[in-house]
Amino acid sequence: MERALAMDNLYAGAVDRTLTDEQLAAKAREGDAAAMEELYLRYRQPVFRIVYRSTRNIDEAEDIVQDVFLKAFERLHTFREQSRFSTWLMRIALNLCTDRARMRQRRQELLEREADHKLAWCHPDAPDPIETAQQNAFHEAFYTALNQLPDHHRQLIILRDLEEIDYETIAQILGTSVGAVKLRVMRARRAFKAKLEPLLRAIGELE
Amino acid sequence: MKHLCRELERHLESGAEHLPDALRAHLAGCAKCQRAWRLHQAYQRALQAAQSEPTPACELPWSRVQAQLAARAVSRRPLAWARPALGWGMAVAVALAIGATLLPWGSQPPSRGETLAQARRSEPRVPDAPSQADTARDAADAVRSEAQGVALALVDPRAPDARIVAQATPRMRDSARLQSPAPETPQTDAYAARLRDPEALARRPADEVMGAPAFGAASEPPFTVASLPLTPFGVNDPATGVEYLPISYGSPSSHREVSSNEAIIGSF
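Chains A and B are the protein sequences, given in the same order.
Mapping to our numbering: the first sequence position 191 is 191, numbers consecutive.
Mapping to our numbering: the second sequence position 11 is 218, numbers consecutive.
Next up, chain A with everything else stripped away, as it sits in the complex (with noise of 0.2 Å):
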């Protein structure tokens, strides 16, 4: 009820550009418009960026940018100000990550599975050939070995040596200590390699 009430101010004023995260955090619980938006604009490119290193997908990308934002605003009375808005906004953002990468899995099984492998050329998320030849054959190979990656290890490649996000926020994020990241980290880019070699031996990138 209370949280019906707040979100009927959703028509407010402006508000201090100067205030920090968590303070305008406090004021969007209280159902401030206008802190909700300024939390939402600077946030909002950042959450992309990485939502999109997942999904390589703009309008996925957009949809789960959107679905972040408004879980994060519907479960702003559960944020406990121990940590960063910005580590608790980027969890929410990495779980709906995983959980969209296993629905479109799923997704992809189904059709593939249909399709008994046949029309997997014309599969509508499959890349254009032309398009294909055309972009740097270095980014397909990253990308493609970076989602065949383990959600779990796939995350830590993008906010670490994507996103070059320190280990003390990773392991805010994630909920766990520096040193379990580091160790994560390693097992992740050992995982990313061997996936990653093959496919830079095809195309000539490694003799």
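None of these hints come from the bench; they were simulated from the model.
The model shown is predicted, which means the values in this text are computed figures rather than measured ones.
Just so it is clear, CB atoms sit at the ideal spot from N, CA and C, and this is done for glycine as well.
Hints may contain errors.
What the hints assert, rightly or not - On the chain B side, residues computed to face chain A include the following (Cβ under 8 Å):
id: 1; residue: Ala-249
id: 2; residue: Ala-257
id: 3; residue: Leu-267
What the hints assert, rightly or not - Capping the alpha-carbon separation at 27 Å, the derived lysine-lysine pairs in DSS-like fashion look like this:
id: 4; chain 1: B; residue 1: Lys-239; chain 2: A; residue 2: Lys-71
id: 5; chain 1: B; residue 1: Lys-209; chain 2: A; residue 2: Lys-182
id: 6; chain 1: B; residue 1: Lys-209; chain 2: A; residue 2: Lys-195
id: 7; chain 1: B; residue 1: Lys-239; chain 2: A; residue 2: Lys-182
As the list claims (entries may be wrong) - To give an idea of the chain A side of the interface with chain B (calculated C-beta under 8 Å), a few residues:
id: 8; residue: Tyr-43
id: 9; residue: Glu-62
id: 10; residue: Val-65
id: 11; residue: Leu-70
id: 12; residue: Lys-71
id: 13; residue: Phe-73
id: 14; residue: His-139
id: 15; residue: Ala-141
id: 16; residue: Leu-149
id: 17; residue: Leu-206
Starting from the known structure of chain A, fit chain B onto it as the hints suggest.
For chain B alone, coordinates are given in the frame of chain A:
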């Protein structure tokens, strides 16, 4: 040697870009480590290429998110009152279920032995009251004699007690027969008298004869049709003149009960 190979591998996996001199010297002479080093360099190049790739801008406007938030808030509002109501409803349902479970234990019906004892205690109160079985017998006789061979037994609505008496143990039958029946009403007497009148019986609709009450006959007492009792294996009941098969559940029909409290029920 293997120690250095493992150290180089860990060094590369930790993301270090520069190798210490010792590892660099080892790398010059180890083919396996050279392969790992080349893979690492290719990985770094791929990373740099991926990082340099421009990420498209997110064009999702705040207004869309805001509209979704508002829509969800509206759709969830009815649930705000429903949740506590649901909780109270569940609590009441659980309380009722517990009450329904515990109630039979608190007010158990008397056992069969107690019923018979009560019946025995009630014997002296109504010593010579006419039994309902007599009424049933009269009705059956009337139909048998006047309906020209139609094998029907007319039973007063209160007469099913006679069947219960016939199925009960002998002592129970006696005690039940001594209990006071419901007084006969003038309506019942008139009905019995009408049954004895052949002309009235002839005017009666066929449905009524067969047991179904006729339209407009709501004032008359309903009666049921029963098959004729089998007489060769009778219960000795000279008072009624009607013999019924003794029914003793869970035992052959020839079984005789030893005492009134030892009726066998169940276990077919």
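Against the structure, the hints come out as follows:
1. Ala-249: Holds - the Cβ of B/Ala-249 comes within 8 Å of chain A, reaching about 5 Å at its closest.
2. Ala-257: 5 Å, holds
3. Leu-267: Since chain A brings a Cβ to about 5 Å from B/Leu-267, closer than 8 Å, the hint holds.
4. B/Lys-239 to A/Lys-71: Violated, because 49 Å separates the two Cα atoms, which is more than 27 Å.
5. B/Lys-209 to A/Lys-182: With a Cα-Cα distance of about 23 Å, the restraint between B/Lys-209 and A/Lys-182 holds, given a limit of 27 Å.
6. B/Lys-209 to A/Lys-195: Holds. B/Lys-209 to A/Lys-195 sits at ~24 Å (cutoff 27 Å).
7. B/Lys-239 to A/Lys-182: Measuring from Cα to Cα gives roughly 25 Å; hence the hint holds.
8. Tyr-43: 10 Å, violated
9. Glu-62: Where the cut-off is 8 Å and the nearest Cβ of chain B is about 5 Å from A/Glu-62, the hint holds.
10. Val-65: Constraint on A/Val-65 satisfied, holds at 6 Å.
11. Leu-70: Because about 6 Å separates A/Leu-70 from the closest Cβ in chain B, which is inside the 8 Å limit, the hint holds.
12. Lys-71: The hint is violated - A/Lys-71 has no Cβ within 8 Å of chain B, the shortest such distance being about 10 Å.
13. Phe-73: Hint holds; A/Phe-73 Cβ to chain B Cβ min 6 Å, cut 8 Å.
14. His-139: Holds - the Cβ of A/His-139 comes within 8 Å of chain B, reaching about 6 Å at its closest.
15. Ala-141: This hint holds: A/Ala-141 lies near chain B, its Cβ roughly 7 Å from the closest one there, short of 8 Å.
16. Leu-149: 13 Å, violated
17. Leu-206: OK, holds: A/Leu-206 within 8 Å of chain B, min 6 Å.
Checked against the numbered hints above, the structure violates hints 4, 8, 12, 16; every other hint is satisfied.
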